[in-house]
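So the sequences go chain by chain: A and B.
Just so we're aligned, residue 0 is where the first sequence starts under numbering that gives the first Met the number 0, counting upward by one.
Just so we're aligned, residue 0 is where the second sequence starts under numbering that gives the first Met the number 0, counting upward by one.
Think of the hints as simulated: they come from the structure by calculation, not from any bench.
One or more of the hints may lead you astray.
What the simulated footprint calls covered on chain A by chain B, stretch by stretch (three residues with Cβ under 8 angstroms from a Cβ of chain B suffice, anywhere in the stretch; the number is not a length) [said to hold, decoys possible]:
{"no.": "1", "segment": "157–164"}
{"no.": "2", "segment": "177–188"}
Pair by pair, the computed Cβ-Cβ distance ranges are [claimed, not checked]:
{"no.": "3", "chain 1": "B", "residue 1": "Ile117", "chain 2": "A", "residue 2": "Ala49", "range": "44 to 52 angstroms"}
{"no.": "4", "chain 1": "B", "residue 1": "Gly76", "chain 2": "A", "residue 2": "Gly345", "range": "32 to 40 angstroms"}
{"no.": "5", "chain 1": "A", "residue 1": "Met0", "chain 2": "B", "residue 2": "Gly53", "range": "50 to 58 angstroms"}
{"no.": "6", "chain 1": "B", "residue 1": "Gly181", "chain 2": "A", "residue 2": "Arg318", "range": "44 to 52 angstroms"}
{"no.": "7", "chain 1": "A", "residue 1": "Glu337", "chain 2": "B", "residue 2": "Ala49", "range": "55 to 63 angstroms"}
Heads up, incomplete: computed chain A residues facing chain B, CB under 8 angstroms, no partners named [unchecked claim]:
{"no.": "8", "residue": "Ala85"}
{"no.": "9", "residue": "Ala89"}
{"no.": "10", "residue": "Trp168"}
{"no.": "11", "residue": "Arg171"}
{"no.": "12", "residue": "Ile172"}
Each residue gets a CB set at the ideal place from its N, CA and C atoms; glycine is no exception.
2 protein chains.
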Amino acid sequence: MRDLYAADIADIARGSAFLGSGGGGNPYMGQLMAEQALAKSGPLELVDVAELTGDAAVVPVAVMGTPTVFQERLLAGHEVRNAIEALASAVGRSPTHLMPVEIGGVNAMTPFAPAAEIGLPVVDGDLMGRAFPEMPMLLPVLAGLHVSPTALADDKGNVAIFDTIDMAWTERIARPCAVAMGGTAAVALRVFSAPELSRTMVKGSITLAQRLGRAIRLARESHTDPVEEARRTLGGVTIFRGKVSDVDREPADGFIRGHTVIDGTGSGAGTQLMLWFQNEYLCAARGSSVMATTPDLICVVGEEDAEPIPADVLRYGLRVAVVCASCDNRWRSPYGLELVGPEYFGYGFPYVPLPSH
Amino acid sequence: MRDLYAADIADIARGSAFLGSGGGGNPYMGQLMAEQALAKSGPLELVDVAELTGDAAVVPVAVMGTPTVFQERLLAGHEVRNAIEALASAVGRSPTHLMPVEIGGVNAMTPFAPAAEIGLPVVDGDLMGRAFPEMPMLLPVLAGLHVSPTALADDKGNVAIFDTIDMAWTERIARPCAVAMGGTAAVALRVFSAPELSRTMVKGSITLAQRLGRAIRLARESHTDPVEEARRTLGGVTIFRGKVSDVDREPADGFIRGHTVIDGTGSGAGTQLMLWFQNEYLCAARGSSVMATTPDLICVVGEEDAEPIPADVLRYGLRVAVVCASCDNRWRSPYGLELVGPEYFGYGFPYVPLPSH
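Throw the hints in and build the complete structure from the sequences for me.
Right, dumping it as structure tokens:
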């Protein structure tokens, strides 16, 4: 257990934007809300799953919807609390801890403000080890846990509880509801026990996000290369540097989909990297050579400052580096790749493991 | 209180198809399910609202979705019970009685099978006095009651609970969910107390449907005019007789919308009646003269047998009579017409009361 202060939030936000692989929404709005809440409440307890007792009731929270809507509509602040309360009322049990569903983007920030306001500790970790665009893409689903019910809440005071036969049905019936709620909704998943979490979560990913965000900040301050510091912290590989020469992007059914082309500079001059995204960056190819694919992390960052650039704000002319890192190993299993591999997303090639580095 | 037998169901189904004003789905599938359930359980108690005691907890039930989907997909039978159970669990209270949300079409049948299976009495009445296509079109909403939460259930075992700020939001976020559930879903509304029902429901409409269905049946058996017997039972007016010469119909967002043209016969020869529908028949005009509009009932029936013809099965060449009847008086108030008048449905003229007869 350690205390998390308002001053820690900025590093976590920067790191989680990185780990979001271009998706999960822009974390800076969530950062402001978390900083304000922690400034008011005092420090928050961040606990390891190993510290949880038998009566722990952990509720993972997130925001779902189109990232471009996240940008335009600030959360009113009470949506996540409303989703948590609706979930607690539906299952007849109050949460003892909150945690993020995914470590990417705004969703890494989602538990902090409600945890500070309600007075709950946050579990250090998440259920993906990155960000993914659909609800069934959870390690607990991969492990065979029945993840239901799920609560949705909007900014107007409407809540919905979905109790489904599987998470694919939750995705199918809850996403159009989130769209009808105005394009975005707060989400609270079912209550998890300590043993359930212990065997299915990605442990320590909030701390990893903070280390990553801090490494980038310190590199900027000391004028060393922030991209290289980020790569080293993640144990990843920088696959490309260049300038964005094309972006083709459109919103579709609560997602954004498209691709971008990056013209190489330096050692990559004369070559192009093509990146495909559906909320998250999902595949990278150099010419006909696939360099990286989902579920591995593909992060696009500013070449100078390693500032993460989400897929929804990528634009022509930006000078970027593309840093990739290995996903949680469980995603590389056959069922993992069935859930989140490139073929699931409709790309016509199988998973290509990251080149060794 | 009176006992309702399997043998009573056919008349109620015929009458409720008539009162459905072309919408509410075809009742004959619901009739079969209700007859089977009552044959197995024995008679059902049909009670007047005046007989309810202070601890009565009445849950109105229905099926929502596109009528054309009702035709193609038989309810598996457990959807309505699942919706009732989900609602009961959400509000922490078991229903003591069921009732239909609307008296039109399949929805008049909806409470019978679950009531027989669970062993609950049914309250004689409904919340519309006819059928309407959208969820906020309820007399309790007109009376200012907060109608929430609402439970939805599909045939696969998925349930959803919507707790909203008003019924317009329930319509907005629950309908896309029903569409995603496969086009149709069972609905259980909030629990109503006896006093709440007493001041907002339409009393005795199940008995009215049965009288209407019986009048049509007896007229057929005795070779008198079933259309005239139905008109007399309803206290309505037969505005047109003729042959369907055009039907323009399309499914849209969980509804069917369109219009039909009827070429007059007999005293109406040489004239045409135009009928517009959105699930229900909503407006009737003879040339430029508006004859009847929602919320009054517009019923299209076979000219010979007074068999009700829903808007989703109307077809070229049918010989029909159009019988209209006054709606519940509360719908004629300014707020009532705002909720269900012709202008709400996008028709460019105000409510025209039925011609006197």
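Pairwise beta carbon distance, isoleucine 117(B) to alanine 49(A), judged against the given window 44 to 52 angstroms: Since isoleucine 117(B) and alanine 49(A) have Cβ atoms about 47 angstroms apart, the given range 44 to 52 angstroms holds.
Hint check: 8 angstroms Cβ-Cβ cutoff, isoleucine 172(A) to chain B: 4 angstroms, holds
Claimed coverage, the segment 177–188 of chain A by chain B - three or more beta carbons nearer than 8 angstroms: holds (count 3)
Hint check, alanine 85(A) versus chain B [nearest Cβ-Cβ separation less than 8 angstroms]: 7 angstroms, holds
Alanine 89(A) as chain B interface residue, shortest Cβ-Cβ below 8 angstroms: 7 angstroms, holds
Distance restraint hint 32 to 40 angstroms, applied to the beta-carbon atoms of glycine 76(B) and glycine 345(A): 37 angstroms, holds
Interface restraint verdict for arginine 171(A) against chain B (beta-carbon cut-off 8 angstroms): 5 angstroms, holds
Outcome for the supplied range 50 to 58 angstroms, where the beta carbon pair is methionine 0(A) and glycine 53(B): 52 angstroms, holds
Glutamate 337(A) paired with alanine 49(B), Cβ distance criterion 55 to 63 angstroms: 60 angstroms, holds
Per-stretch coverage check for the segment 157–164 of chain A, three Cβ contacts closer than 8 angstroms to chain B: holds (count 8)
Verdict for glycine 181(B), arginine 318(A) (Cβ pair) under range 44 to 52 angstroms: 49 angstroms, holds
Minimum beta-carbon distance criterion (8 angstroms), tryptophan 168(A) to chain B: 5 angstroms, holds
Hint compliance for this structure: every hint is met.
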